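Could you put the whole structure together from the sequences, leaning on the hints where they help?
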Amino acid sequence: MRYLVVLFIKDHVLKGTVIKTHGLYKSIYDALPAECEKLGLTDSGPIEPKWKNQIRWGLRDAKTQGLIKHIGLPKSGEWQRL
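Position 36, counted from 1, in the sequence shown is what our numbering calls 36; the numbers after and before it change by one each time, with no gaps.
I should point out that these hints are in silico values taken from the structure, not numbers from a laboratory. Note that the coordinates shown come from a computational prediction; the quantities given were computed from them, not determined experimentally. The reader is advised that the hints may include incorrect statements.
[Stated by the list, open to error] Here are the simulated distance ranges between beta carbons:
#, residue 1, residue 2, range
1, K69, S44, 25 to 35 Å
2, S27, Q65, 15 to 25 Å
3, R60, D11, 15 to 25 Å
[What the hints assert, rightly or not] Think about it this way: if two alpha-carbon atoms lie no more than 30 Å apart in a straight line, the pair counts; the simulated BS3-like pairs of lysine-lysine are:
#, residue 1, residue 2
4, K10, K20
5, K10, K50
6, K69, K15
7, K50, K26
8, K38, K50
9, K20, K63
10, K38, K15
11, K75, K50
12, K38, K10
13, K69, K10
14, K75, K20
15, K20, K38
16, K63, K38
17, K50, K15
18, K10, K63
19, K38, K26
20, K52, K15
21, K52, K10
22, K20, K69
23, K15, K26
24, K69, K52
25, K52, K20
Just so it is clear, CB atoms sit at the ideal spot from N, CA and C, and this is done for glycine as well.
What follows is the structure, encoded as structure tokens:
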């Protein structure tokens with residue numbers, strides 16, 4: 001899931017767009033359904049805690065690569081695509 005977050009940000013998010021952590025799982029599933037199904041992710045039901053952690057780590061990886069930066073208040077869950 002970590003690499004899917006980075007892949008989604010690189011290929012599907014325009015520069016300057018604000019990414020909200022809250023809706024990121026749904027956005028990734030809509031953009032990359034085949035890859036998500038390979039990992040066993042589904043569009044129905046609540047998101048599992050392990051996937052939430054993987055999304056957080058994916059955001060950290062994207063930040064390290066210089067793709068995004070945190071905006072807003074601490075723990076706001078808002079990131080901007082660079």
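Checked hints:
The beta-carbon spacing between K69 and S44, approximately 33 Å, falls within the hinted interval of 25 to 35 Å. Range check, S27 to Q65: about 19 Å between beta-carbon atoms, so the 15 to 25 Å window is met. Hint check: R60 to D11, Cβ distance near 19 Å, so the stated range 15 to 25 Å holds. With a CA separation close to 16 Å, the supplied pair K10 and K20 stays within the 30 Å bound.
For the hint linking K10 to K50, the alpha-carbon distance of about 23 Å falls within 30 Å, and the restraint holds. At most 30 Å may separate the alpha-carbon atoms for a hinted pair to count; K69 and K15 meet this at roughly 11 Å. Simply put, K50 and K26 have alpha-carbon atoms about 15 Å apart, close enough for the 30 Å limit, and the pair holds. Between K38 and K50 the CA atoms are separated by roughly 16 Å; this keeps the pair inside 30 Å, and the hint holds.
The hinted pair formed by K20 and K63 meets the criterion: a straight-line CA distance of about 14 Å does not exceed 30 Å. Distance check on the hinted pair: K38 and K15 sit about 28 Å apart at the alpha-carbon level, within 30 Å; holds. For the suggested pair K75 and K50, the alpha carbons sit about 19 Å apart, so the restraint of at most 30 Å is met. Distance check on the hinted pair: K38 and K10 sit about 20 Å apart at the alpha-carbon level, within 30 Å; holds.
Between the alpha carbons of K69 and K10 the distance comes to roughly 14 Å, so the proposed pair stays at or under 30 Å and holds. For a cut-off of 30 Å, the pair hint linking K75 to K20 stands: about 11 Å separates their Cα positions. Between the alpha carbons of K20 and K38 the distance comes to roughly 24 Å, so the proposed pair stays at or under 30 Å and holds. The hinted pair formed by K63 and K38 meets the criterion: a straight-line CA distance of about 25 Å does not exceed 30 Å.
A threshold of 30 Å between alpha carbons decides the hint, and for K50 with K15 the separation of about 28 Å falls inside it, so the pair holds. Between the alpha carbons of K10 and K63 the distance comes to roughly 12 Å, so the proposed pair stays at or under 30 Å and holds. For a cut-off of 30 Å, the pair hint linking K38 to K26 stands: about 16 Å separates their Cα positions. The hinted pair formed by K52 and K15 meets the criterion: a straight-line CA distance of about 24 Å does not exceed 30 Å.
Taking the CA atoms of K52 and K10, the gap is near 19 Å; set against the 30 Å cutoff, the hint holds. Between K20 and K69 the alpha-carbon distance is near 12 Å, which keeps this suggested pair within the 30 Å criterion. With a C-alpha separation of about 20 Å, the suggested pair K15 and K26 falls inside the 30 Å cut-off, and the hint holds. Taken as a hint, the K69 and K52 pair is honoured in the structure, with Cα atoms around 19 Å apart against an allowance of 30 Å.
Pair hint K52 plus K20 holds up; C-alpha atoms about 13 Å apart against a cutoff of 30 Å.
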